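Q: If you want the building blocks of each chain, they are given just below.
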Amino acid sequence: NAGVMQNPRHLVRRRGQEARLRCSPMKGHSHVYWYRQLPEEGLKFMVYLQKENIIDESGMPKERFSAEFPKEGPSILRIQQVVRGDSAAYFCASSPADRGIAGYNEQFFGPGTRLTVL
Amino acid sequence: QQQVKQSPQSLIVQKGGISIINCAYENTAFDYFPWYQQFPGKGPALLIAIRPDVSEKKEGRFTISFNKSAKQFSLHIMDSQPGDSATYFCAAKESGSRLTFGEGTQLTVNP
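Those protein sequence lines, which keep their order, are chains U and E. Heads up, the first sequence is in this note's numbering, so the first residue is 1 and it goes up one at a time. Heads up, the second sequence is in this note's numbering, so the first residue is 1001 and it goes up one at a time.
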């Protein structure tokens, strides 16, 4: 049973280019979350999506960042016109729709995409 | 606004010792408190979690203590081992919502 998959694992972009980060949730999971981790810091929430719907994007910068989770295929986090301050590790997490035995939608994290902007 | 405060920032313990990491929260709507373990270059992995109607939860060498009135919770790692050396994050979650993480504690267990 594969876990959350993210690709690429490492991405290098020059200032002004676009970065596209992909996340395939665990099998059977329909909720996806994106978090950003700056060096030596904790994870900061960016966006929460369900299939074809953005549920909460309150942590997403208003400009240059967008996210989608289409009916088919992985979730995509897109960063346009990247700047050096976008360099970070971007983690995707997924959870099932139902709460399960624990009573909560436990989130399982992928290995992350480390974005470096030159 | 930092809603979950974690301390200490770094911690060094000897093998066999007890590691204690503390977190405090502000939002009384939080109803789920997980701890995550992260190794360098890896994603966070769920270690143990607690609900506010329980004061303590133990799984193996890992124990969460929860004080609802003080809005504080802590992770205790008994008989700490070098393999426990990692960064630990506390987190809090409102029902059906995202996780709010603490800033992390870098734990080093010396052999």
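Hints may be right or wrong, so weigh each one.
[To be verified] Under the rule of at most 25 Å between Cα atoms (straight-line distance), these lysine to aspartate or glutamate pairs were calculated in the DMTMM-like manner: (1) K1068/E / E106/U; (2) K1093/E / E41/U; (3) K1093/E / E72/U; (4) K1071/E / D1031/E; (5) K1058/E / D1079/E; (6) K1005/E / D56/U; (7) K1093/E / E68/U; (8) K44/U / D1084/E; (9) K1071/E / E68/U; (10) K1071/E / E1026/E; (11) K1042/E / E52/U; (12) K44/U / E1094/E; (13) K62/U / E1103/E; (14) K1042/E / E40/U; (15) K1058/E / E1103/E; (16) K1058/E / E106/U; (17) K51/U / E1094/E; (18) K1015/E / D1053/E; (19) K1071/E / D86/U; (20) K62/U / E1094/E; (21) K1005/E / E41/U; (22) K1068/E / E1056/E; (23) K27/U / E106/U; (24) K1005/E / E1094/E; (25) K1093/E / E52/U; (26) K1042/E / E41/U; (27) K1093/E / E106/U.
[Unchecked claim] Examples of chain U residues toward chain E, derived with CB under 8 Å: (28) G28; (29) Y33; (30) E41; (31) F45; (32) F65; (33) F109; (34) G110.
Simulated from the structure, these hints should not be mistaken for laboratory data. All values derive from a computational prediction rather than experimental measurement. From the three backbone atoms N, C-alpha and C, an ideal C-beta is built for every residue, glycine too.
Q: Against this structure, judge whether each hint is valid.
A: Comparing the hints with the structure gives:
| no. | hint | result |
| --- | --- | --- |
| 1 | K1068/E / E106/U | holds (21 Å) |
| 2 | K1093/E / E41/U | holds (19 Å) |
| 3 | K1093/E / E72/U | violated (28 Å) |
| 4 | K1071/E / D1031/E | holds (11 Å) |
| 5 | K1058/E / D1079/E | holds (14 Å) |
| 6 | K1005/E / D56/U | holds (23 Å) |
| 7 | K1093/E / E68/U | holds (23 Å) |
| 8 | K44/U / D1084/E | holds (24 Å) |
| 9 | K1071/E / E68/U | violated (35 Å) |
| 10 | K1071/E / E1026/E | holds (7 Å) |
| 11 | K1042/E / E52/U | violated (28 Å) |
| 12 | K44/U / E1094/E | holds (15 Å) |
| 13 | K62/U / E1103/E | holds (24 Å) |
| 14 | K1042/E / E40/U | holds (14 Å) |
| 15 | K1058/E / E1103/E | holds (23 Å) |
| 16 | K1058/E / E106/U | holds (18 Å) |
| 17 | K51/U / E1094/E | holds (21 Å) |
| 18 | K1015/E / D1053/E | violated (33 Å) |
| 19 | K1071/E / D86/U | violated (33 Å) |
| 20 | K62/U / E1094/E | holds (23 Å) |
| 21 | K1005/E / E41/U | holds (12 Å) |
| 22 | K1068/E / E1056/E | holds (11 Å) |
| 23 | K27/U / E106/U | holds (14 Å) |
| 24 | K1005/E / E1094/E | holds (16 Å) |
| 25 | K1093/E / E52/U | holds (23 Å) |
| 26 | K1042/E / E41/U | holds (14 Å) |
| 27 | K1093/E / E106/U | holds (10 Å) |
| 28 | G28 | violated (17 Å) |
| 29 | Y33 | holds (6 Å) |
| 30 | E41 | holds (6 Å) |
| 31 | F45 | holds (4 Å) |
| 32 | F65 | violated (16 Å) |
| 33 | F109 | holds (4 Å) |
| 34 | G110 | holds (5 Å) |
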